[in-house]
Amino acid sequence: MKETVNFELRKEDDIAIFKLLEKDFDAQIAGLVKGELTILLTADDINKLIFDLSEVEYCDSSGLSAILLAFRILQTREGHIRIASPTKSVKTLIEISQLDRVLPVTNTVKEAINELKNI
Amino acid sequence: MKIKTKEINRKIKVKSTTDNLSRIRDFIHKTGMECKLKKEAIGEIILAVDEACTNVIKHAYHFSPEGEIEINVKCKNNKFSVSITDKGEKFNIKDIKDPDLEEYHKEKRVGGLGIFLMKKLMDEVKYSHLTGNRNRVTLVKYLPN
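Those sequence lines, one after another, are chains A and H.
When you number the first sequence by the working numbering, it's gap-free, plus one each residue, and the end is 119.
When you number the second sequence by the working numbering, it's gap-free, plus one each residue, and the end is 1145.
Any given hint could be a false lead.
Unchecked claim - Here's a subset of chain A near chain H, in silico, CB distances under 7 Å, partners left out:
(1) 24
(2) 26
(3) 27
(4) 28
(5) 60
(6) 61
(7) 89
(8) 96
Said to hold, decoys possible - Below, a list of computed lysine-lysine pairs in the BS3-like style, where the Cα atoms sit at most 25 Å apart:
(9) A:88 / H:1036
(10) A:91 / H:1038
(11) H:1038 / A:88
(12) H:1038 / A:23
(13) H:1039 / A:88
(14) H:1120 / A:91
(15) A:23 / H:1039
(16) H:1015 / A:2
Hints were generated in silico from the structure; no laboratory data involved.
From a predicted model like this one, the values you see are computed outputs, not experimental measurements.
All C-beta atoms, glycine included, are put in the ideal place defined by N, C-alpha and C.
Bound-form chain H, shown alone:
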C-alpha cells in the first residue's frame, strides 16, 4: 500500500545549548511522524539535524548559550527539507573536506565526522550566508513516491 506524505510546515526556535539537542530531536521525530515518513528515514534525518545543530553550538556560537537556532521543516513535493539558521560565526561546510575515515579514526584528528554523516544521510546539504549575518544549512531528504 502506498503511503502518501502529508504537506506540512513547522518551526522551532531554541537557545544554543546542548541541553536543547534532545528537544530538537523530538521535534524532528514528531514532524517526521506527522509527515508519515518511514522510521528509518526519520532516524537518519534526526541524526543529520543533530549534527548540524551541534556544529552551530560548537563552531558558530562557541558554546555560548545566548545564541539562537531556528529550525524550519517543510514537507512538500516528495521532499523533507530542514533548514537550520543561526547568527553565529560564519562557517562554511564546503570548506571541510570529507575525511578518509579509516585514517581519521587512527589519527588524532577531531571534527569533520559530523559533516560527513550529514552528507551521507541526506540527499542534499546546502550552506548559505544570508542578510543580517545569518548562516543557514539546508538538509533535504527525497521521499519515495
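So that you can see chain A by itself, here it is in the shape it has in the complex:
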C-alpha cells in the first residue's frame, strides 16, 4: 500500500481545483485520496470542487468511490462538484457506471470553472 499520493491543489476564488497527479487511480491510492479530500472539504470549508482527472490514465471502482465520497460530503451542505478533463478510458468508465448522471463532467478545467462561477 502506498503511503503518499501525488496531487496539486489550487484555488480560484471560492473554487478548489484538485488535480490528481497519478496515472493509476485504483485501490492502492483511493484511500489516500479519500483522506485528502475529507480534510480539504471539511477543514478548509470548501463548497465548490473541481476534480481534475487529466493525468489519470486508469481508474477503477475504488477510484470512483473516492470521487463519490467528495460528492456526498458536498451534497450534505449543498456544495457543487465537477469532474474535469477525464481521459478517454476514464470517461468510458464514468459512463458505464452512470456516474455522469449525478456528477457533471466537463471536457476542460476552464469549462468547469466557468460553470461553478455562475452558481
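Knowing the structure of chain A, use the given hints to seat chain H on it.
Chain H only, in chain A's frame:
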C-alpha cells in the same frame, strides 16, 4: 482483414496487496496482446480482472498481505477466460445484487459497483467454491470470429 486469435495459457501468482494490481493489469495487457485481442476488449478485461482482484484483497483477505491470488488465462475457441483463485474468506458474488446506480451514487452506499462492472464488461462471470477452501471467479469474454 480477419485477425485470428492465438491459443494460449498463462499463469501468474501474486501476494494479496494492492501494490500488485498494476502488475496484474500488465500481465492481462501482455496476454491480451499476445492473443491478438482488440485494444478495447483488453481494456475491458483489465478493468474486470482488477475489480475481481480488488474484491479478493478487500473481502476475501481483508487487506492481509499474506494471501495468494492465482490468475490463469486461457485463450481458446474464441473465448478469453480469466480465472482468479484465492484461499480467503468465502465470498459469493451471486449474493450481491446489482445496484440501482443512480440511487447508489446519491446514497451513502459503498461496494457492489465492482461486481456490476465485472458483469457489464464480461460475457460470463462465474463463482465457484473449490476443494481446499479455495474460491474462484471466472471471467469470460467472447471473441468475434
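Okay, the hints, checked on the actual structure:
no., hint, verdict
1, 24, "6 Å, holds"
2, 26, "5 Å, holds"
3, 27, "5 Å, holds"
4, 28, "4 Å, holds"
5, 60, "5 Å, holds"
6, 61, "4 Å, holds"
7, 89, "6 Å, holds"
8, 96, "6 Å, holds"
9, A:88 / H:1036, "22 Å, holds"
10, A:91 / H:1038, "19 Å, holds"
11, H:1038 / A:88, "16 Å, holds"
12, H:1038 / A:23, "22 Å, holds"
13, H:1039 / A:88, "13 Å, holds"
14, H:1120 / A:91, "16 Å, holds"
15, A:23 / H:1039, "18 Å, holds"
16, H:1015 / A:2, "15 Å, holds"
The earlier numbered hints are all upheld by this structure, with none contradicted.
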